[in-house]
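J.: Now for the letters of each chain:
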Amino acid sequence: MDATAIESRLREEFGARVGVAVRSAKRLYASVDAADLPEVVRWLRASLPGCRLATSTGIDLREGIGLYHHFVVNGSPLVITLKALLAKPEPHAPTLATETAAADWIEREIHDLLGVRFDGHPDERRLLKDASMAGELPLRRDFDPVQFKERIGERPEF
Amino acid sequence: MSDPSSRHVVQIGPFHPLLEEPVGFSLTVEGERVVAIDARMDYIHKGLERLAQERTYDMVPILLERICGICSVTHSVCFCNAVEDLLGVEIPPRAAYIRTIIGELERLHSHLLWVGLAGHFIGYNTVFMWAWKYREPVCDAFEMLTGHRQNSALPLVGGVRRDLPVEYFPVVRKTLDELEGQTERLTAAVLDDPVLAARLKGVGVLSAEAALDYGVVGPTARASGLATDVRRDEPYAAYAELDWKVVTQDGGDVFSKAVVRLLEILESIRILRQCLDRLPAGAINLGTLHVPRGEGIGRYEAPRGEDIHYVRSNGTNMPERLKVRAPSYVNIPSFRSSCLGAPMADVMITLAACDPCYSCTERSLVLRDAAGARLLATPGLIEASRQKTFELARALGHAPDLELDPA
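Protein chains in written order, with our numbering: chain A, 1 to 158; chain B, 1 to 407.
Bear in mind the hints are in silico, worked out from the structure with no lab data behind them. For glycine and all other residues, C-beta sits at the position ideal for the given N, C-alpha and C. Take these hints with a grain of salt, some might be off.
Label pairs and their calculated CB-CB ranges [to be verified]:
hint: 1; chain 1: B; residue 1: Glu20; chain 2: A; residue 2: Gly75; range: 56 to 64 Å
hint: 2; chain 1: A; residue 1: Ala21; chain 2: B; residue 2: Gly31; range: 51 to 59 Å
hint: 3; chain 1: B; residue 1: Ala36; chain 2: A; residue 2: Gly120; range: 17 to 25 Å
hint: 4; chain 1: A; residue 1: Ser24; chain 2: B; residue 2: Asp58; range: 34 to 42 Å
hint: 5; chain 1: A; residue 1: Gly19; chain 2: B; residue 2: Ala198; range: 17 to 25 Å
hint: 6; chain 1: B; residue 1: Gly123; chain 2: A; residue 2: Gly19; range: 50 to 58 Å
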């Protein structure tokens with residue numbers, strides 16, 4: 001299936017709940033309400049054989065936290081990005097880790113770096129961030145590396 | 001044997017002779033069987049995605065080359081693919097071929113590195129010596145063409161920075177000819193060796209379903225029968241014009257992964273020969289490009305599998321957000337499927353079979369000059385290491401010969 005075919009299938013299936021934009025034959029972006037993510041993901045993986053979650057991006061935007069799940073279909077050039085906007089100050093979204101194992105680490109990473117809670121995630125431990133940064137959200141716009149270093153005290157060189 | 005009271009936790013890492021980089025694995029074992037595996041990954045994260053947001057589009061590829069000690073072409077070209085997707089531009093044919101050449105040389109030395117390490121991990125050091133001996137001329141060829149064994153500094157949004165010195169092509173061809181014979185011999189030796197077959201066949205099996213669920217990529221996926229290869233699925237650089245094939249195996253075990261990589265070395269040699277023969281004339285980049293507001297996704301087939309970058313631009317000369325997902329990031333968690341139920345002794349080679357690369361996974365930076373911290377050269381590092389030894393010796397209160405002042 002190419003991007004336009006998937007676009008019409010998505011519209012048929014979800015109607016106005018999904019806002020689809022086809023940027024090129026290989027790139028499809030769909031904005032989804034966060035609550036609908038698991039349903040749309042289940043549909044994608046069931047209707048497109050070889051569809052896998054490649055990764056997710058978290059991004060601090062003025063209007064909230066953007067959560068973008070990038071799906072790739074093995075054997076095709078297509079990348080389908082599901083975009084959800086999560087409201088600050090306590091952004092949260094349903095987890096996809098119960099749908100696909102590929103979501104496990106990336107959700108923990110987004111939780112580490114941007115403070116997004118994934119409801120129902122089976123394992124919410126820190127993944128990448130150093131223990132000294134436990135209370136920090138380094139990819140938020142208001143994170144100041146200089147202040148952070150002062151707060152923890154610059155580490156000795158050796 | 002399935003008595004939970006007999007469970008023990010065995011820690012591998014974060015520093016371990018069989019790991020090239022720091023990572024901590026906790027294996028819960030019942031007797032010899034592994035019943036749970038957990039990884040701790042926070043040792044070398046240094047916030048590279050954030051650093052990239054403070055550099056211009058020209059500087060980012062140079063930064064990204066330093067994500068990984070092996071895949072330096074991978075991340076910089078992948079970033080360029082993403083920005084070129086945002087811009088909707090095609091790079092000049094000569095640049096496409098140059099990117100293919102450096103990318104395939106990188107794949108060659110990376111696969112040879114893995115073959116050597118895999119041999120070493122199972123105690124077969126002859127394979128280690130062979131593979132690393134064959135690898136060296138490939139790194140030399142890379143240096144001849146780009147000026148450095150690893151970091152070429154060639155990729156640039158819209159093409160490549162410098163042209164390749166065509167006068168060295170005959171030397172590169174000779175290297176490829178020699179490597180082809182050597183790899184064929186090595187492949188035949190590996191495929192026919194009953195010891196290797198007994199050690200690696202049926203070990204660490206990752207089923208096709210699990211491979212898709214974990215989203216694994218590259219040789220790890222291709223060894224489980226998933227024919228996924230970005231070079232064919234979404235041809236970037238010059239791959240659409242070249243004659244080569246995607247190597248797959250059905251076993252899903254460590255042996256299949258070794259076979260996939262060995263056969264891919266031969267495919268890479270074929271690709272390289274075609275590129276060297278057909279390198280088109282013309283421009284090598286598109287000149288200065290203004291990156292407008294928008295977003296782009298780039299994919300690249302790294303030696304370890306699909307690399308994917310997401311770039312968002314707000315119209316300035318620096319990316320607003322760069323998301324890097326290296327192949328090991330999705331390959332490493334599949335250990336939970338391939339290691340469970342396996343005996344302890346099989347775990348190490350299974351962990352190594354996806355060619356894990358922890359720097360990529362955590363996107364670390366070894367350079368330290370970004371924040372103004374001093375960069376140490378070799379004498380400085382040796383001095384620092386001596387000082388540390390003296391401090392430790394003093395603290396422990398022994399070894400008077402170490403008490404001598406190093407100065």
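J.: Each hint needs a verdict: does it hold in this structure or not?
T.: A quick look at each hint next to the structure:
1. B:Glu20 x A:Gly75: 56 to 64 Å: Violated: the Cβ-Cβ distance is about 32 Å, outside 56 to 64 Å.
2. A:Ala21 x B:Gly31: 51 to 59 Å: 55 Å, holds
3. B:Ala36 x A:Gly120: 17 to 25 Å: At roughly 21 Å between Cβ atoms, A:Gly120 and B:Ala36 fall inside 17 to 25 Å, so the hint holds.
4. A:Ser24 x B:Asp58: 34 to 42 Å: Distance hint for A:Ser24, B:Asp58 is violated at roughly 25 Å.
5. A:Gly19 x B:Ala198: 17 to 25 Å: 56 Å, violated
6. B:Gly123 x A:Gly19: 50 to 58 Å: With a Cβ separation near 57 Å, B:Gly123 and A:Gly19 satisfy 50 to 58 Å, so the hint holds.
When each numbered hint is compared with the structure, violations occur for hints 1, 4, 5.
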